[in-house]
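*Asks:* Guided by the hints, dock chain F with the ligands onto chain S, whose structure is given.
Chain by chain, the residues run as shown.
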Amino acid sequence: MERRDKTKGKIAGIIANLVIVEVDGPVAQNEICFIQHDETALMAEVIKIMGRNAYVQVFESTRGLKVGMPVVFEGHMLEVTLGPGILSRNYDGLQNDLDKMDGVFLKRGDYTDPLNREKLWDFKPDANIGDTVQAGDWLGEVSENGMPHKIMVPFKFQGSYSVKSVVSAGSYKVDDLVAVLTDAKGNDVSVTMVQKWPVKVAIRAFAQKPRPFKLLETGIRCIDTLNPITEGGTGFIPGPFGTGKTVLQHAISKQAEADIVIIAACGERANEVVEIFTEFPELDDPRTGKKLIERTTIIANTSNMPVAAREASVYTAMTLAEYYRSMGLRVLLMADSTSRWAQALREMSNRLEELPGPDAFPMDLSAIVSNFYSRAGYVKLNNGLSGSITFIGTVSPAGGNLKEPVTESTRKAARCFYGLSQARADSKRYPAIDAIDSYSKYLEYPEVQEYLVKQVGDKWLEQVIEAKDMLLRGKEAQEQINILGDDGVPIDFHERYWKSELIDFVILQQDAFDSIDCSTPLDRQQYMLNKVLSVANSSFRFNGFEQVSDFFKRVINQLKQMNYSQFQSDTFVKYEGDLDEMLKAQLN
Amino acid sequence: MESQAFQKVYKKLTNITKATVSLKASDVGYDEMAIVHGRLGQVVKILGDEVILQIFSGTEGIPTNAEVAFLGRPPQLKVSEQLAGRFFNAYGDPIDGGPSVDGETRDIGSPSVNPVRRMQPSHLIATGIAGIDLNNTLVTGQKIPFFADPDQPYNQVMANVALRAQADKIILGGMGLSNDDYLYFKNVFDNAGALDRIVSFVNTTDDPPVERLLVPDMALTAAEYFAVDKNEKVLVLLTDMTLFADALSIVSNRMDQIPSKDSMPGSLYSDLARIYEKAVQFPSGGSITIIAVTTLSGGDITHAIPDNTGYITEGQLFLRRDTDIGKVIVDPFRSLSRLKQLVIGKQTRNDHPQVMNAAIRLYADAANAKTKLENGFDLTDYDERTLDFAKAYSEQILAIDLNIDTQKMLDVSWNLFRTHFHQAEVGLKKEFMDLYWEEK
Ligand SMILES: Nc1ncnc2c1ncn2[C@@H]1O[C@H](COP(=O)(O)OP(=O)(O)OP(=O)(O)O)[C@@H](O)[C@H]1O
Ligand SMILES: [Mg+2]
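Top to bottom, those sequences are chains S and F. Counted the way this note's numbering counts, the first sequence spans residues 49 to 636. Counted the way this note's numbering counts, the second sequence spans residues 4 to 443.
These are calculated hints, taken from the structure and not from any lab test. Nothing here was measured: the structure is a model prediction, and the numbers come from that model. Hints should not be assumed to be uniformly reliable.
Stated by the list, open to error - Once the Cα atoms are required to be at most 27 angstroms apart in a straight line, the calculated DSS-like pairs of lysine-lysine come out as:
#, chain 1, residue 1, chain 2, residue 2
1, F, Lys-21, S, Lys-114
2, S, Lys-96, F, Lys-264
3, S, Lys-476, F, Lys-432
4, S, Lys-58, F, Lys-11
5, F, Lys-81, S, Lys-155
6, S, Lys-608, S, Lys-622
7, S, Lys-58, F, Lys-48
8, F, Lys-432, S, Lys-608
9, S, Lys-476, S, Lys-601
10, F, Lys-433, S, Lys-601
11, S, Lys-148, F, Lys-27
12, S, Lys-476, F, Lys-349
13, S, Lys-523, S, Lys-476
14, S, Lys-601, S, Lys-579
15, S, Lys-523, F, Lys-373
16, S, Lys-516, S, Lys-460
17, F, Lys-432, S, Lys-622
18, F, Lys-48, S, Lys-155
19, F, Lys-81, S, Lys-114
20, S, Lys-428, S, Lys-460
21, F, Lys-349, S, Lys-339
22, S, Lys-460, F, Lys-264
23, F, Lys-27, S, Lys-96
24, S, Lys-489, S, Lys-451
25, F, Lys-189, F, Lys-81
26, S, Lys-632, F, Lys-433
27, F, Lys-375, S, Lys-601
28, S, Lys-601, F, Lys-394
29, F, Lys-48, S, Lys-96
30, S, Lys-476, F, Lys-411
31, S, Lys-212, S, Lys-172
32, S, Lys-58, F, Lys-27
33, S, Lys-56, F, Lys-433
34, F, Lys-394, S, Lys-476
35, S, Lys-257, S, Lys-428
36, F, Lys-433, S, Lys-476
37, S, Lys-148, S, Lys-248
Okay, chain S solo, but in the shape it has when bound (with noise of 0.2 angstroms):
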């Protein structure tokens, strides 16, 4: 849509942060305007065109604006600046550096620049002159927090293009010109370290999209033992107010095996931005030594940012992701919460007077949602190497209710359920993943049970559905001592309880404070899981059902100090000798 002019228009009406601009020319839906208001200019975007009518949503407050006001139009979509220096900056949601503004208070208007134009990279050729190359390829690469940050032919190059010259090692700006390629016409076009890319649209760059098959581990037992989500697979965690959503996905952040992280804090509380500034340059990354903080990125924008901008901040992040998964890296993007990009659709979507869906939420919900999610995946470059972008949003179903519409729509885009419990959460059992509701279908999937057995081991498999079986047979127990007394069911009621509230304690509850429980490596999950198992399959000695909850309290207790000691370590090893006697002493 690039035009020669710009087109010009004026503000014709103002309802909230929806603007209609009177236009005088040709403009294109999702176009980028500015309004200009006294000293400053505020960016919005085309959402809507009624004959000369552009309706635009501000991605600022309105006040003060008038009718008659000067509208310029950009003549292109919101786009991503891309290029080495993204990691470690804290944007907001149409990436503006926030460290770069002034002030306590973010201004009006306040628009900063994603990267640094001053900094040098060191960079290192990696084509060959007279190479032929197409969008996506690398060029070379430069070291960015010492993760390789491939310098691409830019996503935005058709067709195919042959080297002409690369220049040789040594330090550049992310301006300078590195390539020139020749495309198939004989046109020269020069390639710097910066490109442009427009979120709203997919980046394709990559030969195929097979199915995710390689287990993404996260270190938290309730994922990885009994629904584990994949490298390049999606998820997504609904749950009322409170449960734990966000202290689950912060804790996947810091624990799971990606190379890069992107966190989008969407319209959510600035304290848990702050938290993540706050923690996330002390915390050691186990795989590199580096702080955490270096191969991450924080899209934050929280609740009291403007609406529209909170739409546009996920697909910021998920552009940011694509950019690196581009250059063959491992990529979990996380979205919190990705109800409030919904509302934020929501509230448009009344503005314009659009006729509403359920809930009053626009008709195509589903669509935008599942469209969103497929962007995410387990890619093969065409260089033959693979990158992965790993998807987890959470969902604020309103009134806990998950037969909401965005509970729905993105039941249907997302392949794990991590539902979180408000009666679990009640009674503190953290975190609140109800084992039962809760799935990944990835474990369907043979790919991803032969990567299980052979990664894991043969009898992995059988061992989660016994775990997940008990879980169940225990809450049907309950459910009959329940409804009978305690004394009104065989003894055999009371052992499948416990049972299960075995499991529960000691692999699905977690606690996220504790610096050794908080992340337990696959190994050690399936140490403990063939524990308790163990405890589960033997035959125990007990007169009467009182005896049964204080067998197994003291048993759960045992193993809970186990949790909570270094993994083989001469106390974990000292608990679990203390935990065999009084097994031996139970036994039938």
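*Replies:* Positioned in the frame of chain S, the structure of chain F with the ligands alone reads:
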């Protein structure tokens, strides 16, 4: 009320609804204030030359030939030290008979704090109420509401908390406050000798409901002045936010907006978040802590107002009458302070987190036992003990009439554990058992 020499006056209204008027006017800014027939209004919609104004005190008696004068500015407040000790209405005009305030004029509803300029909240606020300090510890810079049915003594608890919180300033934003409650606050603060630390913006039940919409922003503009300009620890009390939200729905209904759940506007989440997110800790030491009240109807927290509030605030304090002890308690199940982990076990004794969780788990066991009992089943010895524990725990920890320090709260908890349970039933880390199980 003010007037300006150069302002243009219009005299022809085209439409009048219960809350809004429209007229043809030019050069009007969005959000701008106007005086319509002597009443304050604010621009909420502009379409071409048609301007729609929301009239805060309602449109009763406004004629089509009413005088409309635009003020060329959004709602504002004059800020200075002179605010301290004063009572104002929703427009920031004194209602205590005192002089008007001199100071710098500020627009209310100012922009958000840049998140990178915030600091992580880290100062514990001690209230002496164990249901809060032990189970739901408050921190400066936090935002948290009381969820309570209208017959709970939430304003009393809030006043107690405010006075014990050691804030430099307490700013009361009263919305739909009954005259009695207004006088109650005035009295308590006066008796405590705290009046010079208080600033109040009050809309009582006698005032028009839509005026309430200005109260939180007025209160928070004053709060930002003291927290940012003066580096003070400011505590803002907002009561009752349910009545604020009701006023939002009145306006949006009158403007024919499509309502979402419970006839609330679709923007309720953003509207509430804009207010609550003003809670902040600054690196300079200044802070704004918001304690609010959200009244429930019949304890229903799935209603859009408490539901959206819960998604925004950093926890909630749920008040409930415990019929077993005949007192109001802070319900440990539905209450939560999400910032507590920043201070508990760090600024309090290190067994705090585990003791808190264990006690609540045992209290939950008691709830199960109670259900058993109601269903007519025999109780086990353990069930009996949890019931005894629960009653003592309610009495000695959860009741809102307490005033003890955290150390004492922990000691009381250990004492209850010891009295009612075996070590394995309590299930705490061994290091704590070794330290605290035996009575000292
Ligand atoms: N794994 C955990 N271990 C211990 N406490 C937890 C855990 N998860 C959650 N909590 C407790 O629950 C509180 C709420 O958790 P969190 O903020 O993650 O909820 P949420 O689901 O994101 O809520 P909202 O929808 O309102 O944002 C935390 O502050 C913490 O006190
Ligand atoms: Mg959250």
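*Asks:* If a hint holds in the structure, say so; if it doesn't, say that too.
*Replies:* Taking the hints in turn, this is what the structure says about them:
1. The suggested pairing of Lys-21(F) with Lys-114(S) holds, with an alpha-carbon distance near 25 angstroms, which does not exceed 27 angstroms.
2. Of the pairs offered as hints, the one joining Lys-96(S) and Lys-264(F) holds, with about 26 angstroms between alpha carbons and a cut-off of 27 angstroms not exceeded.
3. Our distance criterion of 27 angstroms between C-alpha atoms is met by Lys-476(S) and Lys-432(F), whose separation comes to about 16 angstroms.
4. Only pairs whose Cα atoms come within 27 angstroms are accepted, and Lys-58(S) paired with Lys-11(F) is accepted, the gap being roughly 23 angstroms.
5. Proximity of Lys-81(F) to Lys-155(S) is assessed by CA-CA distance (about 21 angstroms); at most 27 angstroms being required, the pair is judged to hold.
6. The hinted pair formed by Lys-608(S) and Lys-622(S) meets the criterion: a straight-line CA distance of about 13 angstroms does not exceed 27 angstroms.
7. Taken as a hint, the Lys-58(S) and Lys-48(F) pair is honoured in the structure, with Cα atoms around 17 angstroms apart against an allowance of 27 angstroms.
8. With a C-alpha separation of about 9 angstroms, the suggested pairing of Lys-432(F) with Lys-608(S) holds against the 27 angstroms cut-off.
9. Between the alpha carbons of Lys-476(S) and Lys-601(S) the distance comes to roughly 17 angstroms, so the proposed pair stays at or under 27 angstroms and holds.
10. Taken as a hint, the Lys-433(F) and Lys-601(S) pair is honoured in the structure, with Cα atoms around 15 angstroms apart against an allowance of 27 angstroms.
11. Restraint check: the Cα-Cα separation between Lys-148(S) and Lys-27(F) comes to about 43 angstroms, which exceeds 27 angstroms; the hinted pair is violated.
12. A distance of roughly 20 angstroms separates the Cα atoms of Lys-476(S) and Lys-349(F); the hinted pair therefore holds under the 27 angstroms criterion.
13. A threshold of 27 angstroms between alpha carbons decides the hint, and for Lys-523(S) with Lys-476(S) the separation of about 18 angstroms falls inside it, so the pair holds.
14. At roughly 16 angstroms between alpha-carbon atoms, Lys-601(S) and Lys-579(S) fall within 27 angstroms of each other, so this suggested pair holds.
15. Proximity of Lys-523(S) to Lys-373(F) is assessed by CA-CA distance (about 19 angstroms); at most 27 angstroms being required, the pair is judged to hold.
16. Simply put, Lys-516(S) and Lys-460(S) have alpha-carbon atoms about 24 angstroms apart, close enough for the 27 angstroms limit, and the pair holds.
17. A hinted pair counts as satisfied when its Cα atoms are at most 27 angstroms apart, and Lys-432(F) with Lys-622(S) qualifies at roughly 15 angstroms.
18. Restraint check for Lys-48(F) and Lys-155(S): satisfied, since their Cα atoms lie roughly 23 angstroms apart, inside the 27 angstroms limit.
19. Using a Cα cut-off of 27 angstroms, the hinted pair Lys-81(F) and Lys-114(S) holds, with the two alpha carbons roughly 25 angstroms apart.
20. A distance of roughly 25 angstroms separates the Cα atoms of Lys-428(S) and Lys-460(S); the hinted pair therefore holds under the 27 angstroms criterion.
21. For the hint pairing Lys-349(F) with Lys-339(S), the CA-to-CA distance comes to about 23 angstroms; that is within 27 angstroms, so the pair holds.
22. Annotation: proposed proximity of Lys-460(S) to Lys-264(F) holds, straight-line Cα distance about 23 angstroms (limit 27 angstroms).
23. Taken as a hint, the Lys-27(F) and Lys-96(S) pair is honoured in the structure, with Cα atoms around 26 angstroms apart against an allowance of 27 angstroms.
24. Distance restraint check for Lys-489(S) and Lys-451(S): the Cα-Cα separation of roughly 20 angstroms lies within the 27 angstroms cut-off, and the hinted pair is therefore satisfied.
25. Between Lys-189(F) and Lys-81(F) the alpha-carbon distance is near 22 angstroms, which keeps this suggested pair within the 27 angstroms criterion.
26. For the suggested pair Lys-632(S) and Lys-433(F), the alpha carbons sit about 22 angstroms apart, so the restraint of at most 27 angstroms is met.
27. With a CA separation close to 20 angstroms, the supplied pair Lys-375(F) and Lys-601(S) stays within the 27 angstroms bound.
28. Annotation: proposed proximity of Lys-601(S) to Lys-394(F) holds, straight-line Cα distance about 23 angstroms (limit 27 angstroms).
29. With a CA separation close to 18 angstroms, the supplied pair Lys-48(F) and Lys-96(S) stays within the 27 angstroms bound.
30. A hinted pair counts as satisfied when its Cα atoms are at most 27 angstroms apart, and Lys-476(S) with Lys-411(F) qualifies at roughly 23 angstroms.
31. The hinted pair formed by Lys-212(S) and Lys-172(S) meets the criterion: a straight-line CA distance of about 17 angstroms does not exceed 27 angstroms.
32. For the proposed pair Lys-58(S) and Lys-27(F), the alpha carbon gap of about 18 angstroms is at most 27 angstroms, so the pair holds.
33. In summary, the hint linking Lys-56(S) to Lys-433(F) is not supported, as the alpha carbons are separated by about 72 angstroms, beyond the 27 angstroms threshold.
34. Only pairs whose Cα atoms come within 27 angstroms are accepted, and Lys-394(F) paired with Lys-476(S) is accepted, the gap being roughly 20 angstroms.
35. Taken as a hint, the Lys-257(S) and Lys-428(S) pair is honoured in the structure, with Cα atoms around 6 angstroms apart against an allowance of 27 angstroms.
36. Straight-line distance between C-alpha atoms of Lys-433(F) and Lys-476(S) comes to about 20 angstroms, which keeps the hinted pair within the 27 angstroms bound.
37. A threshold of 27 angstroms between alpha carbons decides the hint, and for Lys-148(S) with Lys-248(S) the separation of about 25 angstroms falls inside it, so the pair holds.
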